[in-house]
Amino acid sequence: MRQRFRDTEHLVRLALLFAAGTLVFVVARALLVPEGFGEYGHFRSGAMVDNQLREPVHAGREACRECHGDAAAALAAGGHAGVGCESCHGALGAHARSEGEVKPAELDAAALCSLCHARNVARPARQPQVDVAEHAEGAACTDCHEAHAPAL
Amino acid sequence: MSVDRRKFLVEATQFLILTGAASEAWPFVAEGHPEAAPGYDVSRHWWAMFIDAEKCIGCGRCVEACKTENDVPDGAHYSRTWVERYYIPAHDVTRPESEPSPHVDSPEAGRYGFREIYPKGPGAKAFFVPKLCNHCTHSPCVQVCPVGATFESPDGVVMVDKKYCIGCRYCVQACPYGCRFIDPRTNTVDKCSLCYHRITKGLTTACCEVCPTGARQLGDLKNPDDPIHELLSTHKVQVLKPNMATGAKVYYNGLDAAVR
Numbered sequence: 001m002r003q004r005f006r007d008t009e010h011l012v013r014l015a016l017l018f019a020a021g022t023l024v025f026v027v028a029r030a031l032l033v034p035e036g037f038g039e040y041g042h043f044r045s046g047a048m049v050d051n052q053l054r055e056p057v058h059a060g061r062e063a064c065r066e067c068h069g070d071a072a073a074a075l076a077a078g079g080h081a082g083v084g085c086e087s088c089h090g091a092l093g094a095h096a097r098s099e100g101e102v103k104p105a106e107l108d109a110a111a112l113c114s115l116c117h118a119r120n121v122a123r124p125a126r127q128p129q130v131d132v133a134e135h136a137e138g139a140a141c142t143d144c145h146e147a148h149a150p151a152l
Numbered sequence: 001m002s003v004d005r006r007k008f009l010v011e012a013t014q015f016l017i018l019t020g021a022a023s024e025a026w027p028f029v030a031e032g033h034p035e036a037a038p039g040y041d042v043s044r045h046w047w048a049m050f051i052d053a054e055k056c057i058g059c060g061r062c063v064e065a066c067k068t069e070n071d072v073p074d075g076a077h078y079s080r081t082w083v084e085r086y087y088i089p090a091h092d093v094t095r096p097e098s099e100p101s102p103h104v105d106s107p108e109a110g111r112y113g114f115r116e117i118y119p120k121g122p123g124a125k126a127f128f129v130p131k132l133c134n135h136c137t138h139s140p141c142v143q144v145c146p147v148g149a150t151f152e153s154p155d156g157v158v159m160v161d162k163k164y165c166i167g168c169r170y171c172v173q174a175c176p177y178g179c180r181f182i183d184p185r186t187n188t189v190d191k192c193s194l195c196y197h198r199i200t201k202g203l204t205t206a207c208c209e210v211c212p213t214g215a216r217q218l219g220d221l222k223n224p225d226d227p228i229h230e231l232l233s234t235h236k237v238q239v240l241k242p243n244m245a246t247g248a249k250v251y252y253n254g255l256d257a258a259v260r
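From first to last, the protein sequence lines are chains A and B.
Sequential numbering of the first sequence, starting at 1, is according to the numbering used here.
Sequential numbering of the second sequence, starting at 1, is according to the numbering used here.
Warning: the hint list may mix true and false statements.
Here are the simulated EDC-like cross-link-like pairs (lysine to aspartate or glutamate), alpha carbons at most 16 angstroms apart as the crow flies [unchecked claim]: (1) Lys163(B) <-> Glu62(A); (2) Lys120(B) <-> Asp131(A); (3) Lys201(B) <-> Glu62(A); (4) Lys241(B) <-> Glu230(B).
No wet-lab data here; the hints were simulated from the structure.
Fair warning: this is a prediction, and the values are worked out from it, not measured in the lab.
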């Protein structure tokens with residue numbers, strides 16, 4: 001037995017080296033692996049918070065209804081019932097959060113109406129479509145149609 | 001680590017000043033536990049989208065809304081969502097082998113609508129298809145990320161960790177749907193996050209919010225009262241590239257065989 005362990009010093013050195021290596025690994029790992037990594041999988045769970053913390057830019061139709069109940073009611077009664085406010089009026093999160101201080105941009109009705117209603121072969125047949133120039137004969141869409149309830 | 005944490009706290013405080021809703025979530029957010037934020041439990045959601053391609057009119061409002069909502073750079077090559085137009089010209093039906101391949105275009109990602117460029121007339125076929133990240137359950141993009149900067153969240157959303165992305169572009173190549181791009185301002189990858197900042201607050205995504213025909217509908221598959229269950233059980237749905245077994249969660253109704 002004694003013969004077998006005569007090089008104890010070497011073994012101790014090896015063991016110390018191994019322990020030091022392990023320590024370096026553990027410390028380096030603790031320093032380098034970000035907080036929350038591995039909590040849900042191979043990623044940093046804080047990244048979900050990063051994605052979550054941004055402010056919504058579009059307010060959503062529920063928020064619009066709180067102040068503009070009359071317009072919402074007109075919309076709900078007409079052919080544009082399913083269309084969200086911000087489809088035409090654009091992103092209004094800042095407008096809603098500032099309680100109207102931030103004013104929405106003026107709308108270009110002709111351009112907006114054409115986006116959905118200009119004739120296009122790729123559109124589904126049930127979508128109401130017109131050849132804009134021929135149909136309007138120079139008039140603005142809103143001369144005849146009320147945008148919230150467009151049927152004549 | 002302490003410096004990283006301090007930086008994180010400073011940034012979070014800036015958000016706090018901006019928003020009242022976030023201040024309520026603050027104690028939980030500071031600990032890095034999004035699931036503990038008031039009213040949102042990650043284990044109780046599994047997000048998906050239903051797209052009725054037969055309802056898409058190619059108005060491009062979804063693309064515009066997405067650009068605004070998510071601060072996506074201008075230009076067709078930087079798109080979290082886009083709309084494609086397919087056009088299959090008329091051909092001699094007695095010679096099936098003569099069927100032409102479809103023309104596909106997406107001018108400015110469809111953001112400003114589609115100018116009529118195809119002739120009317122019988123025999124031709126044309127339609128629009130909205131596209132976005134399919135939020136795959138087994139995402140190829142997640143598998144190739146060398147630094148864990150892209151991931152499937154426990155509520156089924158594929159997201160990017162912008163602080164750890166090294167911009168290596170592996171995921172851009174791996175995505176079979178072409179849903180990823182490099183943001184030229186940060187040189188990190190960007191993609192649809194399914195408006196994670198909205199859906200966790202009870203709002204729908206920006207694209208679904210503005211879609212005038214209801215062609216897009218966000219759905220929570222873990223919520224038995226969500227209308228998506230009714231839609232999925234009453235329509236014959238398909239996902240894109242099912243042969244790739246990505247576990248895509250964007251379900252299409254009325255998907256033509258020409259669509260890739």
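Results for each hint:
With a C-alpha separation of about 34 angstroms, the suggested pairing of Lys163(B) with Glu62(A) is violated against the 16 angstroms cut-off. For the given pair, Lys120(B) sits about 13 angstroms from Asp131(A) by alpha-carbon distance, which is consistent with the 16 angstroms threshold. Taking the CA atoms of Lys201(B) and Glu62(A), the gap is near 13 angstroms; set against the 16 angstroms cutoff, the hint holds. For a cut-off of 16 angstroms, the pair hint linking Lys241(B) to Glu230(B) is broken: about 24 angstroms separates their Cα positions.
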